[in-house]
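Colleague: Numbering of the sequence shown is given in the UniProt record's numbering, commencing with residue 1 and proceeding in unit increments.
Among the clues, some could well be false.
[What the hints assert, rightly or not] Only pairs whose alpha carbons sit at most 20 angstroms apart, straight line, appear in this in silico DMTMM-like list of lysine to aspartate or glutamate:
id: 1; residue 1: 163; residue 2: 204
id: 2; residue 1: 513; residue 2: 435
id: 3; residue 1: 31; residue 2: 111
id: 4; residue 1: 194; residue 2: 256
id: 5; residue 1: 194; residue 2: 106
id: 6; residue 1: 264; residue 2: 143
id: 7; residue 1: 264; residue 2: 204
id: 8; residue 1: 31; residue 2: 143
id: 9; residue 1: 200; residue 2: 111
id: 10; residue 1: 194; residue 2: 204
id: 11; residue 1: 200; residue 2: 256
id: 12; residue 1: 200; residue 2: 137
id: 13; residue 1: 200; residue 2: 211
id: 14; residue 1: 163; residue 2: 143
id: 15; residue 1: 163; residue 2: 249
id: 16; residue 1: 504; residue 2: 249
id: 17; residue 1: 439; residue 2: 517
id: 18; residue 1: 194; residue 2: 111
id: 19; residue 1: 194; residue 2: 345
id: 20; residue 1: 200; residue 2: 249
id: 21; residue 1: 504; residue 2: 256
Just so you know, the hints here were simulated from the structure itself, not pulled from any lab data.
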Amino acid sequence: MIALKAVSLALAAVSYIVLILTMMCKRNPQKGFIVTIFGWLTAGALLFSLVGVTIQRHPIVQPRESPRYTQSYFYGIIAGGLYMFIAVLLSAYTATARSASLSRQDRRTVEYTSIILRTITFITFLTGGAGVYSAVEGWSFMDALYFTDYTVLTIGIGNIVPKTHLGRSLLFPYATIGIITLGLVVNSIRSFGKSIRRMKLRLELQEARSELLRGKNSTGPTHNEHSDNITLSSILSTATLPQTSDVVELQRIRSDFHRRVQLKALLFFILAWFVLWLLSAAVFRRSERSENWTYFTALYFTYTSLTTIGYGDFYPTSNFGKVFFVFWSLLAIPVLTNLVTAMGDIGVRTAVYFAGYILRLGKSRNRGRSEKSGSNPGSRSNCRDIEKHAQWSSKLSKRSMDLSTIGTTSTFAANELQLSRSVNETGQHMLLMAEEIRKLVTALMDGASEQDPRRDWPWVLSLLHSRDGEASSSVVPVCPEIMNHSTLGASEGFISKEKAAMEKNNETLLMLKLLTEKLCADLRKTEANAV
1 MIALKAVSLA LAAVSYIVLI LTMMCKRNPQ KGFIVTIFGW LTAGALLFSL
51 VGVTIQRHPI VQPRESPRYT QSYFYGIIAG GLYMFIAVLL SAYTATARSA
101 SLSRQDRRTV EYTSIILRTI TFITFLTGGA GVYSAVEGWS FMDALYFTDY
151 TVLTIGIGNI VPKTHLGRSL LFPYATIGII TLGLVVNSIR SFGKSIRRMK
201 LRLELQEARS ELLRGKNSTG PTHNEHSDNI TLSSILSTAT LPQTSDVVEL
251 QRIRSDFHRR VQLKALLFFI LAWFVLWLLS AAVFRRSERS ENWTYFTALY
301 FTYTSLTTIG YGDFYPTSNF GKVFFVFWSL LAIPVLTNLV TAMGDIGVRT
351 AVYFAGYILR LGKSRNRGRS EKSGSNPGSR SNCRDIEKHA QWSSKLSKRS
401 MDLSTIGTTS TFAANELQLS RSVNETGQHM LLMAEEIRKL VTALMDGASE
451 QDPRRDWPWV LSLLHSRDGE ASSSVVPVCP EIMNHSTLGA SEGFISKEKA
501 AMEKNNETLL MLKLLTEKLC ADLRKTEANA V
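Model the full assembly from the supplied sequences, consistent with the hints where possible.
Modeller: And the structure:
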């Protein structure tokens, strides 16, 4: 039986190594996944076979007595169940990955190797510390594992504590490194969740982009599989110039997505927390019947352990109770951490919403007072600037002339006058685009600037469409404050500063790309007409 358990452990370790190498190489994952699935299924089957043999050897257990199997017996059941469960999940992913046609970037997002490496490091550190304390303090290995578990998870039950000077001295570096390792694992779980949400948002924005292009009867590309950019630059990078309504609609979709994801995360982790609290209390009540635990006592114990308070007045004494505590706590602590994070995100969203509401209410009152007194606030002057830009663009689009429309029967003087007027207006338009490009480049170089270049979307759109005769029909003057607070602030106020800065820079680059392409096209047209 010891040899078979060693073979099972070796197969599981080899399967983990093959899985990591397969996810890192990215070439032919199906073969590596099949080897991993086979290894885990075999390891789980060996453990369950040994469990069956053990049950046949000791078939009789009194109904009112707790099971008297060792902790290794229960750990074998949990390990075999996890092997089977993970193998089934990997089989489902392997079967659907090819039909889903995931791009290389999407595969890199789903097949997140960091979380596996950090989890293996944490488990190795946990079991290695158990081996050291087992030798130093004279405990059994399973009791030492129970001690290292509630020590590293900062629960601190305290029914098993080091008695020797060496054991207490080793606690300082061991607990410090263990808590850091646990933090890395929790951070990997959160990073994996963020990457999955970012990928889902990108796919949702791509679907919205396809809808917009179908509405315009565009013949351009409608999907970009290899782009992992979730901002507007991955959605509006087509030959068709974006309209104001497109920008506002895509910003609204992104804001709704962030709001929906945060609400779902909060509900999921609240449900998981209550399940781990209430159902686990029923399990502990049954496992600790010899200690006469009531359900309320089990609720009290699971709550103090789940919140890492750990008074230590109640603790599991049965073999099954200790094993279940280790497995349960390794699930409970990450759930609690993510629950606190989700509650913090919702709290920030609520605070920003009320702060924005109070700010808008104050601005509306100040605007009403200024209108009564006949004064002009700064926000109205900004709106006037945008309206002035749009009026200039509309006027320019009506007055601009194509050089090919100059009549051949006109006199040379009239043609020269029309040519100089057209060249002058074209030069003014290109000069404005160059000035806007210079301002956006300056904003990118000055990363700490509080000025948000995305407030200039209406003016950029008017510049893009003014020479195409679309300014009067497609470009709608939009006040920067309104666009910033109603569309951008709704999503940017509730995400991290790093992510907000990345999205701002990406949209600034999109503006630069569109303006540069428009300027180059106008220069080519001017050169061709001059020739």
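Colleague: Each of the hints needs a verdict: does it hold here or not?
Modeller: Evaluation of the provided hints:
no., hint, verdict
1, 163 x 204, "58 angstroms, violated"
2, 513 x 435, "14 angstroms, holds"
3, 31 x 111, "15 angstroms, holds"
4, 194 x 256, "16 angstroms, holds"
5, 194 x 106, "13 angstroms, holds"
6, 264 x 143, "38 angstroms, violated"
7, 264 x 204, "17 angstroms, holds"
8, 31 x 143, "40 angstroms, violated"
9, 200 x 111, "15 angstroms, holds"
10, 194 x 204, "15 angstroms, holds"
11, 200 x 256, "13 angstroms, holds"
12, 200 x 137, "50 angstroms, violated"
13, 200 x 211, "17 angstroms, holds"
14, 163 x 143, "14 angstroms, holds"
15, 163 x 249, "65 angstroms, violated"
16, 504 x 249, "17 angstroms, holds"
17, 439 x 517, "16 angstroms, holds"
18, 194 x 111, "14 angstroms, holds"
19, 194 x 345, "13 angstroms, holds"
20, 200 x 249, "17 angstroms, holds"
21, 504 x 256, "18 angstroms, holds"
Against the hints set out earlier in the document, violations occur for numbers 1, 6, 8, 12, 15.
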